[in-house]
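From first to last, the protein sequence lines stand for chains A and B.
Mapping to the UniProt record's numbering: the first sequence position 45 is 45, numbers consecutive.
Mapping to the UniProt record's numbering: the second sequence position 224 is 224, numbers consecutive.
Certain hints may be false.
Which copy is meant is left open, because identical chains are indistinguishable; a pair holds if it fits in one copy or across any two.
As the list claims (entries may be wrong) - Straight-line Cα separation of at most 35 Å, DSBU-like style, residue types lysine-lysine; simulated pairs:
hint, residue 1, residue 2
1, 348, 323
2, 267, 68
3, 57, 267
4, 68, 348
5, 57, 323
6, 348, 57
7, 68, 323
8, 84, 68
If you're looking for bench data, these hints aren't it; they were derived computationally from the structure.
Number of protein chains: 2
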Amino acid sequence: MISVDEALARLFALVSPLGNETVPLISAAGRVLAADVAARRDQPPFAASAMDGYAVKATEAGLHAQFKVIGESAAGHGFDGAVKAGQAVRIFTGAPVPEGASHVVIQEDVERRGDLITIVAPQDQGDNIRPLGTDFRSGDAIAGPRRLSPEDVALLAAMNVAEVPVTRRPTVALISTGDELVMPGERPRRDQIIASNTFGLHALLTRLGAEPRLLPIARDNRESLETTFWLAQGADLIVTIGGASVGDHDLVGDVAAAMGMERAFYKIAMRPGKPLMAGRMGNAVMVGLPGNPVSAMVCGHIFLAPMIHAMLGLGASRRPALKARLTRPLGANGPREHYQRAIVDQGKITVFDRQDSSLLSLLSRANALAISPPRAEAMPTGAEIDYIPL
Amino acid sequence: MISVDEALARLFALVSPLGNETVPLISAAGRVLAADVAARRDQPPFAASAMDGYAVKATEAGLHAQFKVIGESAAGHGFDGAVKAGQAVRIFTGAPVPEGASHVVIQEDVERRGDLITIVAPQDQGDNIRPLGTDFRSGDAIAGPRRLSPEDVALLAAMNVAEVPVTRRPTVALISTGDELVMPGERPRRDQIIASNTFGLHALLTRLGAEPRLLPIARDNRESLETTFWLAQGADLIVTIGGASVGDHDLVGDVAAAMGMERAFYKIAMRPGKPLMAGRMGNAVMVGLPGNPVSAMVCGHIFLAPMIHAMLGLGASRRPALKARLTRPLGANGPREHYQRAIVDQGKITVFDRQDSSLLSLLSRANALAISPPRAEAMPTGAEIDYIPL
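Between the sequences and the hints, there should be enough to build the whole structure, so can you do that?
The structure is reproduced here in structure tokens:
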């Protein structure tokens, strides 16, 4: 048996960052910036007023000083002339500070009569001007790779970046295998089961930034599996679920091998989870997950999510764990890393009593997987443990 | 001035949950389940084997007992007959336990020769059978409203739910106002600025589950604003950005009022943030945000996000704050609730020194808004403060 970290290292060895494509800014949020992108201008592009008020020469901005208002500078409508001694320009927040001016008296500090203003408060709180380039200068870059947030998108817009280089979304073919499976909406016989893993993994992969495709269910025979593998051609990642022990055979592994996959099995020291199959098949990477619904989803979080991150260029690392305090004692762990369904609320974690890997209902109720390392000792209430948010 | 909570209460009074629509399960993740949805079957739909092994009568499953293997039960291919005294059926994980059998001997506990098996280990660790309905029973419900996770989608599939009632996505019209604005990709004059708020808010609203529409930039005149408001017709929420103090006029407020908006201004005791405008305009709710990029995005997180949640049926409440410990001292706060850009890492929060509300670059670098309540005292390194993740 190998550790979860060792299994991840072997999976990372199979994948590499995908190529880039260019998308319009309006579609860029959530995508992974593939290269550094530089600002195409300074922001602000001119010295700008930080307040509504009057632009004057700083040397003249003393208490009781008087000025003649000679014009106005508003956003989008700067003042064309220059401010000379004894002159002021009415100015609004964000508007360009006119030539010659170096201080903005806020309007609350002024008495105005007709075209004349008088400063009525001391001007010792700064000049109320944002210098050219305060926010960023032309050429300043947002560094890739990074997942673009709404705030990044706002910044890219301000930088006048209309198109963005992003990593291509990994396409993932999802194949359920099993004679017992039918699709949701069908009328199953009593000995049939609804295919659920592919739907859950489809949602998870979409959230991760991949482009999943749900393939027809493969039946437990060579012809059906071959047909389905052919349908998966072109995908970056092919994920099969179940079929690793059909009767006494590893049907999926046999068919995949016959179709040219260099396969490897990893017996991983984890719960839930069974041997994982992985290898290369032509240009695609193939991963075989256990058919048990809870195991398939947990393996999706623990193995597929980091693989998708790596393919997106975000680096090859385990999903970072968070920490929370136990609301009740947790028993000692056996030799396998244990991922237990739990609820985290306000920094406190409640690990469910029942952890039977067939219980999807408990997985749906959980919002976290508590992690017990191999041979972890029993832990008391209040002890801090690692978890992965769902 | 009113508090952030009071402002939210007034905004919530303007919105109510939207109607429902039905979507196929494959598109349901991230949507808000609008009603309880009941399982259409039991899971498992039969008593199922939890292991690979042999199904026998529990009363006969003693050490050294011998059985004749009379058939096989595999997933999708149950055994049709009944298991009688002295008989066993080869069975695989997930397969139906045949009539008459009540215990599965795991294959490791058996010696097999031809059609005969002998139990070679004591059977005191349970029956290895998952009873019918262990995961859920027909009629068991997933309760709405809730945002559907990938795990929920897997569960709904297993329940044989092919279509799901969800709350309609709120449509949001986004209107930038200002003579100084141009769209990304244009060649701005030196006194022009790129419209960035609408792009950032578009990304934020999409992530929240809304359906934003980016409208043409409205210019600082009555005709342009009216035209743009007409384009916004049909939206559930109309968000304007800027234009609340154009020269000495509140142009947006005046035009909106002339078009029938019952408007209210809220002077909110918060930083960054200016007076917020809000009201009803026909069937839509209108919110006017400040034009400063950082203020607009912060108001998006603090006010628009809870409004979208409420419209999705997720309840009317402030965004829940998380807690982290200061990496360095934080100064005392003034009379206004202060949202400061910060980075949270491993439960520790570093609040940026510079908080000038014009700095989008710092907002993009932040991953959290640290919250200082009005008149909060200075806090030392290590003290716990509230934050909202970005």
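Results of checking the hints against the structure:
Taking identical chains as interchangeable, the C-alpha atoms of residue 348 and residue 323 lie at most 35 Å apart whether they share a chain (9 Å) or sit on different chains (12 Å). Taking the closest pair of Cα atoms, residue 267 and residue 68 come within 35 Å of each other only across two copies (33 Å); inside a single copy the shortest separation is 84 Å, beyond that limit. Within a single copy, residue 57 and residue 267 get their C-alpha atoms only as close as 76 Å, which misses the 35 Å cut-off; across copies the closest is 32 Å, which meets it. Proximity of residue 68 and residue 348 under a CA criterion of 35 Å is satisfied in neither setting, with 64 Å inside one chain copy and 53 Å between copies.
In this homomeric assembly, residue 57 and residue 323 never come within 35 Å of each other (Cα to Cα): the closest approach is 56 Å inside a single copy and 47 Å across copies. For a Cα distance limit of 35 Å, the shortest separation of residue 348 from residue 57 qualifies neither inside one copy, at 58 Å, nor across copies, at 45 Å. For a Cα distance limit of 35 Å, the shortest separation of residue 68 from residue 323 qualifies neither inside one copy, at 63 Å, nor across copies, at 53 Å. Taking the closest pair of Cα atoms, residue 84 and residue 68 come within 35 Å of each other only inside a single copy of the chain (10 Å); across copies the shortest separation is 109 Å, beyond that limit.
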